[in-house]
Structures are given as structure tokens and as C-alpha cells.
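Which chain is which? The protein sequence lines are V and S, in order. Under our numbering, the letters of the first sequence match residues 4 to 114, in that order. Under our numbering, the letters of the second sequence match residues 359 to 474, in that order.
In case anyone wonders, no lab produced these hints; they're calculated from the structure. Heads up, some of the hints might be wrong.
[To be verified] Residues of chain S placed beyond 10 Å of chain V at every Cβ, according to the derived structure:
{"id": "1", "residue": "408"}
{"id": "2", "residue": "422"}
{"id": "3", "residue": "463"}
[To be verified] Only some residues are given here: those of chain V computed to face chain S with a beta carbon under 7 Å:
{"id": "4", "residue": "45"}
{"id": "5", "residue": "47"}
{"id": "6", "residue": "50"}
A virtual CB, placed ideally from N, CA and C, is assigned to each residue, including glycine.
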Amino acid sequence: GDSVTQMEGPVTLSEEAFLTINCTYTATGYPSLFWYVQYPGEGLQLLLKATKADDKGSNKGFEATYRKETTSFHLEKGSVQVSDSAVYFCALTTGRRALTFGSGTRLQVQP
Amino acid sequence: DAGVIQSPRHEVTEMGQEVTLRCKPISGHDYLFWYRQTMMRGLELLIYFNNNVPIDDSGMPEDRFSAKMPNASFSTLKIQPSEPRDSAVYFCASSTTGTGRNNEQFFGPGTRLTVL
């Protein structure tokens, strides 16, 4: 079946540091890939997505590139802010429509 | 648009009681999903509907759980009887098959359920 593996958290960074959160996947078929973000006490929000190989999703300074050869979709940001502190979920979907989520990675950014 | 609406936001109940969680999807969305989030198991799909019809309920943990979608603007998730291990945050999400919205799901704020 489909699965998503994310790096363990928490990830603790200082403001303006570079962020990478690793995500790899296994899927039957050709998945669409997503990063969702969950701020404390809130539901999940779509951060970015990519629907085919070599696509780059980007939003709010975050980027992730769909790498079919390495089955990866790593999230990056060049300079994090305190307001980026949240839990980040990598997810995929195939023809099934429902999302398969990774376990989530908590990011803590210190001033 | 108000987004996906869930109620209640918090529910505390005693073991054995019936619990009903409610969801109003975004108007015009034809898919509705129920997820459960726990520390141990992360985010799990429980069930999803398309045009009010249940499509996949393989994630529903056992017969104590049931979900309905009587119309396009309302869904319920019921647990009867509830058990302490049902304590979790339950999310509802909706999406549309409309062009350009490829599988993007919009999540509600969740219902935090505590079963004592």
C-alpha cells in the first residue's frame, strides 16, 4: 500500500536558518504530493503541492520538488521565521482521492 | 466562504456514552473526509464520501463507529459506545473535483474528543 516517511522531529532552528524536512514515499501508481502545515490548535492547511515528476511546488518561501527517481519530496526554506513554528505533514494521493499522511515533523524556530 | 465547519470543538464524555461529531463541508465540494489524529498513530483516514455516498470506510476502527452524510452540506461521525482509546482529534475535510483543484483538501479546525 501507499506510505509516507518523514524525518523525526522536533526540528529546532534559529531564526533565519535554512530548513530541510525530508520526505520519501512509496505508492502504487503515480501519486500527487503535498505538504500540509498545522499551526497549534488549528486544522491542516495546504502549503504546497506537485502533481508530476520534476514539478516544484512553492508557497510562502517554502519549496519542494517532486523527485520520482528518488521517490522524495523534501521541504525546504531558505530563512525560517518564528511564525513558521508548526507541524509539517508530507502526504500523497493516488486515484483513491484520500490522503496518506506521514507522521508529521514539528518545527520550532527560536528568535 | 466560511471554510469547513466542525462542531463541537471540544467534547468530554464518559466511557460508554454516545458521541456525535458534526461537519459542514465547503459549499459545492463533493468529497468529504473524516480523519483521526492521535500521538500514537498520527493522521488516519476513517471514511470518505463522494456525492453523499460512502466510498471507502476501511479505516473505520470497529462497529462502534458510524458515519452518515444525509445531504451535501452535513455529515456526522458517531461513536457508540465511546471508549477512552477513542480520545483523539477528529478532522473533517472536503474537496472538489473541479478543474485546477487536483485533490486539494480543506480541513476543518477539528473536534478534540476526550473519553474518561
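Status of each hint after checking the structure:
With a least CB separation of 8 Å from chain V, residue 408 of chain S falls inside the 10 Å interface cut-off, contrary to its annotation. Listed as a non-interface residue, residue 422 of chain S keeps its Cβ farther than 10 Å from every Cβ of chain V; the least gap is roughly 21 Å. Distance check on residue 463 of chain S: its Cβ comes as close as 6 Å (rounded) to a Cβ of chain V, failing to clear the 10 Å threshold; non-interface status is violated. Annotation: interface hint on residue 45 of chain V holds; nearest CB of chain S at approximately 6 Å, less than 7 Å.
Restraint check, residue 47 of chain V versus chain S: the minimum CB separation of about 4 Å is within 7 Å; hint holds. Interface restraint check: residue 50 of chain V against chain S, minimum CB-CB distance 11 Å, threshold 7 Å, status violated.
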